[in-house]
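Given next are the chains, with one letter for each unit.
Number of protein chains: 2
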Amino acid sequence: MLYRELSAQELSFIRDGKRAAYEEYKKRGCKLDISRGKPSADLLDLSEGLLSPIPRIEYCTPTGEDYRNYCEPDGIPEMRRLFSDIFEIPYNNVIVGGNSSLQLMYDCLCRALLFGFVDSKRPWVEEKNRKWLCITPGYDRHFAITEKLGFELVSVPMKADGPDMDIVEELVKDSAVKGIWCVPKYSNPTGNTYSDEVVRRLCRMKTAAPDFRIMWDNAYAVHDFDDDGDKLLNIVPEAIAAGHENRVFCFGSTSKITYPGGGIAMIAASEENLNYLRPLMHTQIICYDKLNQLRHVRYLKDKQNTVAHMRLLGGEIKKKFETAKSYLAPLKDLGILEYTDPKGGYFISVDLLPGCASRVYNLAKEAGVTLTKVGATFPYGKDPEDKNLRLAVTFTQGDELKTAMEILSCVICLVSAEHYLQQ
Amino acid sequence: MLYRELSAQELSFIRDGKRAAYEEYKKRGCKLDISRGKPSADLLDLSEGLLSPIPRIEYCTPTGEDYRNYCEPDGIPEMRRLFSDIFEIPYNNVIVGGNSSLQLMYDCLCRALLFGFVDSKRPWVEEKNRKWLCITPGYDRHFAITEKLGFELVSVPMKADGPDMDIVEELVKDSAVKGIWCVPKYSNPTGNTYSDEVVRRLCRMKTAAPDFRIMWDNAYAVHDFDDDGDKLLNIVPEAIAAGHENRVFCFGSTSKITYPGGGIAMIAASEENLNYLRPLMHTQIICYDKLNQLRHVRYLKDKQNTVAHMRLLGGEIKKKFETAKSYLAPLKDLGILEYTDPKGGYFISVDLLPGCASRVYNLAKEAGVTLTKVGATFPYGKDPEDKNLRLAVTFTQGDELKTAMEILSCVICLVSAEHYLQQ
Chain A
41 MLYRELSAQE LSFIRDGKRA AYEEYKKRGC KLDISRGKPS ADLLDLSEGL LSPIPRIEYC
101 TPTGEDYRNY CEPDGIPEMR RLFSDIFEIP YNNVIVGGNS SLQLMYDCLC RALLFGFVDS
161 KRPWVEEKNR KWLCITPGYD RHFAITEKLG FELVSVPMKA DGPDMDIVEE LVKDSAVKGI
221 WCVPKYSNPT GNTYSDEVVR RLCRMKTAAP DFRIMWDNAY AVHDFDDDGD KLLNIVPEAI
281 AAGHENRVFC FGSTSKITYP GGGIAMIAAS EENLNYLRPL MHTQIICYDK LNQLRHVRYL
341 KDKQNTVAHM RLLGGEIKKK FETAKSYLAP LKDLGILEYT DPKGGYFISV DLLPGCASRV
401 YNLAKEAGVT LTKVGATFPY GKDPEDKNLR LAVTFTQGDE LKTAMEILSC VICLVSAEHY
461 LQQ
Chain B
41 MLYRELSAQE LSFIRDGKRA AYEEYKKRGC KLDISRGKPS ADLLDLSEGL LSPIPRIEYC
101 TPTGEDYRNY CEPDGIPEMR RLFSDIFEIP YNNVIVGGNS SLQLMYDCLC RALLFGFVDS
161 KRPWVEEKNR KWLCITPGYD RHFAITEKLG FELVSVPMKA DGPDMDIVEE LVKDSAVKGI
221 WCVPKYSNPT GNTYSDEVVR RLCRMKTAAP DFRIMWDNAY AVHDFDDDGD KLLNIVPEAI
281 AAGHENRVFC FGSTSKITYP GGGIAMIAAS EENLNYLRPL MHTQIICYDK LNQLRHVRYL
341 KDKQNTVAHM RLLGGEIKKK FETAKSYLAP LKDLGILEYT DPKGGYFISV DLLPGCASRV
401 YNLAKEAGVT LTKVGATFPY GKDPEDKNLR LAVTFTQGDE LKTAMEILSC VICLVSAEHY
461 LQQ
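Chains A and B, in that order, give the protein sequences.
Residue numbering for the first sequence is 41 to 463, as defined by the numbering used here.
Residue numbering for the second sequence is 41 to 463, as defined by the numbering used here.
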């Protein structure tokens, strides 16, 4: 059965039934949140070892460095090593930051505005019509940074294997286009991973701006549900091979490995990039919190152990994804939505019938289910087709997700029936 | 006896004696550092309670907030309250940051450059000849921020009761002058505290720039050696009374209370300032590390307990100051230096005979004693009279300070004798 093939009478029947059910849901007074990419308390509990005390011998190191004191502006060697292993980036190219990779990205672009990058002709504030490529749907906080920093946001459609590179290659012929946001693995919110070919084309493409930058936010690098996860081509050697080593800034963090508010972030780039940025970074801050870096190394130990930890998390998240999909699959069979089926990460992206997303959002909200704001995954917060929903299922616990999906399914059916009735 | 009254023969005799002693010191191969405002390991040990584990009930709060997760962009209420009490600033005017107040200051000025402040006519990058007032001698990292951010640094002499306000009031008639750096209590490096009158004049003065800012870095607010510490007038009510509430940004941190690399920082300002800044701050970072905020509240508890903790630290630091002064006093009697005698803070400022600081620095370095770089306490790293030394005595342990001061005394006598011989 497909909604679009139903008669007006059949659609009215569905609509009325769903509306009645919806009114019942509303009376329940639920309070459910599937809006934000936050782990639930039981996922956080899996990192409890992080809170154990640090033995003195470890912060007062044998080399004489005292991690309680000012030192190590690039981060403590143990944490640089761990990030180097996890992200497969040479140790010397890694700088460890504070608790937020978003902060490192924002600060990085602020520096470009005020000082330019190593290959810039001038500070970017002096380039009046600067533009930035935003793959859509994408991550709202990325878009917000470049919007606030005065870039015109240019949408590029996401395809199954990453951004539409034909369009990207065309757009970067404009010297006003200074860079692109990428979440290359388990992209937020579509959950897909860039193909090798897309990674290579990003590295090789000719850009009119000599200081074009790829902001490579590898936020879900080790966030596979199981051993069958997506494989992302390492961009660093590709950029070197393409002769565009300075084009790439890599970011990562433990925000979705340990604690979102209390983790450790990383920026990695070519030595030339880092040598240029270090004095600027060092004017801003003497050093980041090394004790928390030490806590993370003590708990995560090495890449192998980190991956083992991520399998535990991934197993739990996979169950939540399965639950959500068990509600989405029947609706797909009705022809009223499409959804992504990622092998890792944090999000399921749902495309409803065009023009239905805002109404679904509003009705769900009235029934106590908070969804990610419609349009959040698009530049300027505007979904041109008003159809995309980002489901963030990880924050729910117990039966919350089932209830939320039950209500959401009802709302989607109701709004979809209305949609076809209005045509 | 005063060097300046000695004959050439007497001075030569001293010089030769000191040079022989100096050569002996050099042979010892010492490695001593009195260059940086870092606490010693035994001072850090006094905060060991900070590393104890956090009970679950405290991070999974009764209100439902989970401090391991994204939340509380203004900081956790407990830490806002503690900073509010310590700095005597209303709770709602306090935002808790990460581990670095310097970062908050830098970020604050970056925002002024890119967006302007709430009362700015335009972003500051568009004001080409912007200037910044630097009280000298002062804190090198402050000066470095405004230098890097493209301000012309304008020196204002430090007097016993704070900056020379006659000069400040004259300079701020220039609309290009956008602000002033202040370390109002136990100023770095002079160790003096602004008088009530200076605080009031800073608040009341008429500035040509409507968006003039006082960067009030109250880094040593509770850093008295004993109960007899300096009293600083609270600038917040004074600024309100003067009708210039938006003029003041207050900063503070626990860097010299607990751990310099692993503490908690604060920015405080008028509600109008904060409401303007919050969306900009929130574009940069979702929230700072709340677990470390919680650790600090658990350990420091309240203002009274924080002050008690600071007395323990202060007692230890005072002993180090006394040691340093026991070497400086005899040299003062010889008329070859002046030094400050603070009741708290981290530094002793020494004025040698003009033209002697660089040579003292170099000779001390050759004998294994590292001093703060000469000129560091002045804009652009240039001490116009080449006479100021900043002694940072807190990092030494055991007999290290005695040895360092012994060598330094010898070098100062040698260089001072040479100085008069050359005249």
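Just so you know, the hints here were simulated from the structure itself, not pulled from any lab data.
There may be inaccurate statements among the hints.
[What the hints assert, rightly or not] Below, simulated DSS-like cross-link-like pairs (lysine-lysine); rule was C-alpha separation at most 25 Å, straight line:
hint, chain 1, residue 1, chain 2, residue 2
1, B, Lys413, B, Lys358
2, B, Lys358, A, Lys168
3, B, Lys168, A, Lys168
4, B, Lys383, A, Lys168
5, A, Lys188, B, Lys168
All values derive from a computational prediction rather than experimental measurement.
How the hints compare with the structure:
1. As the CA atoms of lysine 413(B) and lysine 358(B) are separated by approximately 24 Å, the hinted pair is consistent with the 25 Å bound.
2. With a CA separation close to 55 Å, the supplied pair lysine 358(B) and lysine 168(A) exceeds the 25 Å bound.
3. Restraint check: the Cα-Cα separation between lysine 168(B) and lysine 168(A) comes to about 16 Å, which is no more than 25 Å; the hinted pair holds.
4. A threshold of 25 Å between alpha carbons decides the hint, and for lysine 383(B) with lysine 168(A) the separation of about 52 Å lies outside it, so the pair is violated.
5. Among the hinted pairs, lysine 188(A) with lysine 168(B) is consistent with the structure: their alpha-carbon atoms are about 22 Å apart, no more than 25 Å.
Hint violations for this structure: numbers 2, 4, all remaining hints satisfied.
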